[in-house]
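Undergrad: Each protein sequence line maps, in turn, to chains R and A.
With the working numbering applied, the first sequence covers 1 to 226.
With the working numbering applied, the second sequence covers 1 to 275.
Source of the hints: derived by calculation from the structure; they are not laboratory data.
A few of these clues could be false.
What the hints assert, rightly or not - Footprint (simulated), chain R over chain A, 3 or more residues, beta carbon under 8 angstroms:
(1) 203-215
(2) 227-235
(3) 255-261
As the list claims (entries may be wrong) - Label pairs and their calculated CB-CB ranges:
(4) A:LYS219 x R:ILE61: 24 to 32 angstroms
(5) A:LYS122 x R:ILE61: 52 to 60 angstroms
(6) A:ASP159 x R:GLU158: 52 to 60 angstroms
(7) A:VAL26 x R:ARG143: 42 to 50 angstroms
(8) R:VAL142 x A:PHE274: 52 to 60 angstroms
Being a predicted model, the structure only gives us computed values, none of them experimental.
For every residue, glycine included, the Cβ atom is placed at its ideal position computed from N, Cα and C.
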Amino acid sequence: MMERHIPHFQEELEQLKVRLLEMGGLAEDRLRLSVKSLVDRDLNAVERVLAGDAAINQLHIEVDDRCFKLLALHQPMAVDLRSIVSAVKINTDLERVGDLAVNIAEASRRYLQHPPVKELIDLPRMAVIAQDMLRSALDAYVRRDTVLAQAVLDRDDELDALKTKVFRDLLTHMLRDPGTIEASLDLILVSRHLERIGDHATNVAEDVIFMVSAKDVRHHAEESLS
Amino acid sequence: MTVSVRPIVTPAPQAASAEAAAEAPVKIDVERLNFYYGPKRALTDITLTMRTNVVTAFIGPSGCGKSTFLRTLNRMNDIIPGARVEGRVRIDGRDVYGSGTDVVALRRRVGMVFQKSNPFPKSIFDNVAYGVRINGLARNRRDLEGIVENSLKDAALWDEVKDRLQDAALALSGGQQQRLCIARALAIQPEIVLMDEPASALDPIATQRIEELIYVLKKTYTIVIVTHNMQQAARVSDFTAFFWLGKLVEFGPTDRIFTNPAEKLTEDYVTGRFG
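Could you put together the complete structure from these sequences and hints?
TA: This is how it looks when you write it as structure tokens:
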């Protein structure tokens with residue numbers, strides 16, 4: 001029976017991975033709903049995002065606690081050590097994504113009190129990219145895939161460029177019609193939140209690369225993996 | 001606000017097992033135990049409970065009394081001249097130092113594995129069969145063979161020795177010999193297994209196998225382990241007791257002892273600031 005028995009520390013690492021992925025799933029879901037609330041003018045979605053944050057916060061604490069105990073009780077080494085330290089950091093990034101989804105939902109609720117400023121084109125594009133980056137970063141985590149993680153890092157510039165474009169567009173609207181300032185500012189805020197979510201996805205991807213290859217690619221992400 | 005949301009998070013899978021350990025029935029209950037080697041008091045006023053199907057580890061510096069304490073649980077200290085015990089050790093509520101206790105029967109229920117593996121100079125089969133035979137626990141040869149096989153499987157040794165059961169036990173490696181001694185202890189179907197530094201003479205791989213074995217065995221047995229290796233206690237146990245100068249300084253769930261001990265002395269010991 002020992003021959004097939006998976007060492008129980010490895011089992012716990014697997015559990016940690018599962019819980020972190022649940023965390024990722026919840027964060028993705030909140031993000032999707034928050035964007036939906038804005039694009040579909042869906043107040044119900046706003047409420048669902050706000051109500052869902054408690055679950056993310058609860059998992060945030062649980063995952064940290066698991067990591068803390070695994071480090072204290074098992075003295076992990078090498079890839080095991082890197083994966084637990086990475087999990088701590090990824091956990092924080094995912095929790096922040098959840099918070100940003102709440103911020104988007106709140107901005108959306110304020111925005112929906114006004115008539116639409118314009119047709120939303122670039123914000124949904126930003127949302128698609130941000131969601132895609134987040135999903136890919138989590139996939140890279142599951143598959144321990146540094147190539148996919150690197151691809152996430154490479155997409156961050158698209159998001160930054162769109163954010164700048166959104167700002168310029170809305171600036172034009174505000175100059176033309178000062179009555180749209182309040183609503184436009186909320187859209188600008190949403191673009192900033194989406195851009196920040198891209199940054200968190202980037203962080204997750206960097207942690208995946210560190211976990212798998214022990215390479216620290218932060219702050220010089222443009223140097224691709226050799 | 002009341003809004004229906006998607007299912008919240010599924011409950012934490014393993015938080016339950018830590019709680020279960022804390023609520024398992026008491027197996028060994030020690031109350032105000034003092035132990036003397038002649039005039040010298042080696043243990044002072046120890047009060048401690050060990051629970052069923054749980055691993056309890058004793059840690060502490062050399063000479064702190066942890067091994068002495070372990071040996072009071074199945075009266076292995078009886079044979080030491082001048083040794084004297086005060087207080088109570090109850091197993092399933094019955095005092096093992098009570099006048100009616102059959103010490104041989106006690107040691108059958110409370111098996112022991114020592115630091116240095118000590119197989120008999122006999123075959124692998126006969127080592128495991130030894131206690132079964134002298135206790136008359138097998139009805140016939142086939143029964144005996146079944147017990148030997150199951151014990152070797154439980155000790156995670158079967159696959160390595162099944163084709164050479166008649167070989168000399170002393171020809172096995174150190175790690176295999178130690179697992180053989182565990183199989184020998186399990187063969188007489190104890191309820192409790194005491195382990196005194198069971199891995200300290202083994203290399204890291206053999207140590208890991210013993211640790212995994214302990215994790216598996218606790219489903220069936222109540223395990224008490226003495227180790228001078230704190231990391232080992234952290235890895236294998238559910239509860240940890242820290243001894244110092246013959247006193248029990250602190251006892252609690254292992255994760256708490258190693259992440260947030262209540263006593264300064266424990267903190268100094270587990271962080272290596274001791275002395």
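Undergrad: Would you list, in rising numerical order, the hints stated earlier that this structure does not obey?
TA: 8
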